[in-house]
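The hints should help you fit chain B onto chain A, whose structure is shown.
Note that the protein sequences, when read in sequence, are chains A and B.
Read in order, the letters of the first sequence correspond to residues 0 to 171 in numbering that gives the first Met the number 0.
Read in order, the letters of the second sequence correspond to residues 0 to 159 in numbering that gives the first Met the number 0.
Dumping the calculated DSS-like pairs for lysine-lysine here, alpha-carbon to alpha-carbon at most 27 angstroms:
(1) B:K29 with B:K63
(2) A:K68 with B:K141
(3) B:K29 with B:K6
(4) A:K68 with B:K144
(5) B:K89 with B:K63
(6) B:K29 with B:K141
(7) B:K141 with B:K33
(8) B:K141 with B:K63
(9) B:K149 with A:K68
Hint data in this document are derived by calculation from the structure and do not stem from the laboratory.
For clarity, every value in this text was computed on a predicted model and none was experimentally measured.
Listed here are the chains, written in short residue letters.
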Amino acid sequence: MGLSQRLVNWARIKSPWITLFNSGACNACDIEVIAALTPRFDVERFGILAQGSPRHADILIVTGPVTKKQAPRLRRIWEQMPEPKYVIAMGACGASGGVFRGLYHVVDGVENVIPVDVFVAGCPPRPDEIINAVVACLGLVKEDLAHGGKEWRQKKPTVIPRVETPPKEVTA
Amino acid sequence: MTEPALKPDAVQDALGDLGTVETVRWNRVKVSTKIEKVREAILRAQSLLACDHVVQISAVDNGKSFELIYHLTGPHRMVIALAIDIPRDKPEVPTTSDILPPAGIYERQIHDLLGIVFRGHPDLRRIILNEDWPANEFPLRKDWKMDPNKFYGGVPPEVK
Chain A
0 MGLSQRLVNW ARIKSPWITL FNSGACNACD IEVIAALTPR FDVERFGILA
50 QGSPRHADIL IVTGPVTKKQ APRLRRIWEQ MPEPKYVIAM GACGASGGVF
100 RGLYHVVDGV ENVIPVDVFV AGCPPRPDEI INAVVACLGL VKEDLAHGGK
150 EWRQKKPTVI PRVETPPKEV TA
Chain B
0 MTEPALKPDA VQDALGDLGT VETVRWNRVK VSTKIEKVRE AILRAQSLLA
50 CDHVVQISAV DNGKSFELIY HLTGPHRMVI ALAIDIPRDK PEVPTTSDIL
100 PPAGIYERQI HDLLGIVFRG HPDLRRIILN EDWPANEFPL RKDWKMDPNK
150 FYGGVPPEVK
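One chain only, chain B, in its complex shape:
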């Protein structure tokens, strides 16, 4: 395996003042930052670290809060993971779909399954759940339970 061209020190220089930088693996650097600083961090990663590609945006409910991680990479093959913590009572994040165009579709998916609202997203429609899924039900939240009295879409009972 070849070493990536980007050194962790360069990441520390570019993003060090936005959060804590740690090297998780030989080709992966994790930057833990804040919600309001994440757009700035992405812009800096694009301009200073040549990160022109978003691998994926992952979100997980860890019971206390939502963890959102933007995985960015570029021709240097180093993956820079920008991690933010979102409080459960106010799950709102500014959108990144204007600076990272492929991020829009990931944001729709996260909004669909976890209920995180991306402020400023142009088109936050359903993408993965069925069209007749009830509102305000987010199946990947850890405290979500299926309500047996509710109809979750599919085939209506009278057609069956």
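Here chain A stands alone, though its shape is the one from the complex:
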């Protein structure tokens, strides 16, 4: 690893830039993210900075149970982000669809559209939990840099060996 690459990695961990995407949320999560950016919580001590454009961001915070109309847009936003990119799914809706699960217009959670690195529980999560999630994401960034990529923690499909059982004899 060259000096310039090490410098970039150091800077990345010292200052993660985040961007927020509302994929059909009720706005409670968005308000909590805005509250987390206020001086009361002082996220600048972690170098966290909110960015307007996904092209400038390292971490994408997604709120809401992704609606079918927003799903292609969310995917395009995610594709616009430069590597390495990390995704935080916020709230019960981002994890599973929440109260909107199974409705005709949602795809039930962010993970059905883009890969998610960190889930935050709550409806809505407190600003402290959001900051904790971003810091947990930084831990993932550090481990990924040590492993040289995200592949080490991606789940492999488990193959369950099939046991052939003969059909039961039916006696009349």
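Positioned in the frame of chain A, the structure of chain B alone reads:
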């Protein structure tokens, strides 16, 4: 609370021959009228009752028919609700977007979710459902069921 300046008797005088007038609340009068008379009723409410504002157009599927209600109001703060009943087998209503310009966007929404056709509407495109939603599927109808074999838009399965 101040009493609205418009009295229910004035509504009875202006719209009484188009349908039954009843006072539902202290500031709300409901006029149950027919599909073919609703444009006439709106024009009269605008000219005789000073209703220059459409609050909203609400539609509901009550199982037997569609109920469409135009909520109109004006500087007198009395809400006049023009209610019509639309049969399920022929859900067609003349548009009101030429006499009530803000009504056009409500009509697009109702057309999108309930499948009521507004005859004469200039631009009855989708507004609220996603662009790749299949045709002739109206999710707010009570007899609508999601077909598990159909693709309702969102992320195509192969991209997932």
